[in-house]
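Colleague: Protein sequence lines, in the order shown, are assigned to chains A and B. Residues in the first sequence are numbered consecutively from 2, following this note's numbering. Residues in the second sequence are numbered consecutively from 138, following this note's numbering.
Just so you know, the hints here were simulated from the structure itself, not pulled from any lab data. Just so it is clear, the structure is predicted and the values come from calculations on it, not from any experiment. Just so you know, even glycine gets a beta-carbon here, dropped at the ideal spot from N, CA and C. Hints are supplied without guarantee of correctness; some may be wrong.
Some chain B residues close to chain A (C-beta under 7 Å, calculated; not the full set) [what the hints assert, rightly or not]:
id, residue
1, Met273
2, Ala379
3, Gly412
These are the residues of each chain, in order.
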Amino acid sequence: MTPRETLENWQRAGRKVVHEADAKDLLQRIGIPVPKRDPTEGRCVAKLCHDDYPHKSDHGLVRLGLAPEEAQQAAAEMAQRFAGGTPLIEEMEEGSVAEWIIGCKRDDTFGPIVLAGPGGILVELIDAAEIRLAPAGPQTAETMVDSGPGARLLAGLRGAEPADKGALADLISRISVFFAENADLISEIEINPVMVRADGKGLAAADALIVLSPNADEQESLT
Amino acid sequence: MAEPETNRMATRRPSVAQALDGLFDPRTIAVVGASRTKGKLGQAVLALLKSNGYRGKIIPVNPSGGEIEGLAAVRSLDEIDGPIDVVVLATPVGVALDALESCARLDVKAVVGVTSGFSEAGEDGRSNEMRLRRIMQDAPFRLVGPNCEGVVRPATDLQLTFSPMFNGLRPGPVAMISQSGALAGLMALRLGERGVGINAIVSSGNETDLTAADLLEYLGNDPETRVVLCYVEELRDGRRFAEVARRLTQDGKHVVAVKGGRSRAGSRAVQSHTGAMAGDDRVISAVFRETGVIRARESVAAVDAVTALAAGRRPAGNRVGIISVTGGLGVEMTDLAESAGFEVPVLDEATQTALSHYVPFYGSVSNPVDLTGVVLANPTYVGRCLKAVAADPGVDIAIAIITFVPDQQFIEALAEAFDSTGKPILIVWTGAARSNASGEALRERAVPVYDSPARAASGLAALAAMTGEVA
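When you get a sec, could you build the whole thing from the sequences and use the hints?
Modeller: In structure tokens:
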């Protein structure tokens, strides 16, 4: 099944918000690195993914820093509390030097756009995000990581290690191309945060969300 | 160019370019609603078309026929034999729609709909809007408007408007597209006062058929156009507008845009951070920046930007040399230039030596140069100082600040300094209204003249956008 067929299936099934576990499956298929799943050693994160609860931490659906067995247990507990959820256990991303947000949406005036900027709690610094028309080619994606206040963070502030800007630009370009090709099916796609490691060491999408467009029948009934 | 899907009569329907070629250089214009009664739109359109010297054939259309403004009127469009390049609709909405239906049977290239009463009238205009759309679906002509102030092309003395705000413009490098007729008038008048030449002005109104993107593509690609000034409230084909603008700016043209109003869908609930972070206004700024469009905050700032760009001089860098007959204005200009990202560097030693012949010991020859009021003693001194600063190898843009001007020679000397260099020169003339001198020598050359440092700074910022050195 192509990624597009997956999106169509989800839309047909009436899904609006696609939860993290499924979103990450799809992202991985278009070449976006995600954290290792179900690790047998090291520190883990346990989550319960549910279309109805995209903001997991508000509902206590994220547990950090667990041993593999603890994570299994935590996930099972959460699954009991929220029926219909999908447990997700991943390796914790601890070696990152920057957290970034990458998002795509359809703008009412200009159509598909892509946004990239400091993620995590820095998301509130709205003026720090760079916005371009999607799809953004590799060169445009490079200017996005090299522009604005975020560029200084990626370069390494006050002696911090510089982040892997190449990997970040590649992700921006990749997701913007995927979004623009499927903008009829997806209304928003967001990775927040992307854990960007030191230069040369790549990155991983720590959380992801896909918002599907209403299908054609629903769109008609809205107007 | 791609035709809209609604076009079912492709063989008869002119392309945007064919229609606009006819519109801007028409041989025959029919004015529906032409009238003898002062105050009526059609009377004003006909009178302005005549008084501005249009040399083609004008046919007034009025159900009572006879003679209007010395021209033989027809009772209806159907009485006209042969091709009509442009039909102007300047009647109440019902009559206008009837005439539009007639146009579909005749050989018409373009219609300019001055008439109001369509979608802009909300519920009251709904049935008119529906009828308009039905006619346009199969129309073998293209429509500007409706609900617009018309079309102006100084080079062909074409003045298709009821508004006198566009009178007396000279031909030149600026094309203007405005969804608001009144703002087009304001901007045209200001540009005209400064001597900035106009290639064409289109008040695009409701854009039922021809959109800002269509007009941008046509007018931007006209070899006579150097700068396109756009006032837009809602971009219906925003993506195409952006792509057209990108191609134009890559080809060295300038696009300055004012985006008024807010998108109606702007308040829709969003699910993600992306939705909240990429609000309408931020996206507009980002897309304009990405595609090389210079965004002006409002219409007067846009005029200031266009004034600088229309002169057609590109700065090689961001170093500004400032001379002023008063210390205060020089300081204010310096602050504004620096906060916009420009450098105001110390001048070359040779330049300082040259300036010291004119500047007394209590002035300053570094930068900004304080010439002091002493230079007013000789009418050519300020011009000579400007020439010296513009010739400085460390200066990319020269600014001269003057207040009241005692005589004409003073202005001629500034014009001469402008001619002596290819570098951009801006003049801040705070006392034009209190001077015994005409600025005509400056207007003739399209020298950018501003009445305050802040407005000159808008011009500077536009020049900076050309070099890409200053955000």
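Colleague: All hints, please: hold or fail.
Modeller: Status of each hint after checking the structure:
Given the 7 Å rule on beta carbons, the hint for Met273 of chain B is violated: about 21 Å separates it from the nearest Cβ of chain A. At its closest, the beta carbon of Ala379 of chain B sits 6 Å from a beta carbon of chain A; the interface hint therefore holds under the 7 Å criterion. Because the smallest distance between the Cβ of Gly412 of chain B and any Cβ of chain A comes to about 6 Å, under 7 Å, the interface hint for this residue holds.
Against the hints set out earlier in the document, a violation occurs for number 1 only.
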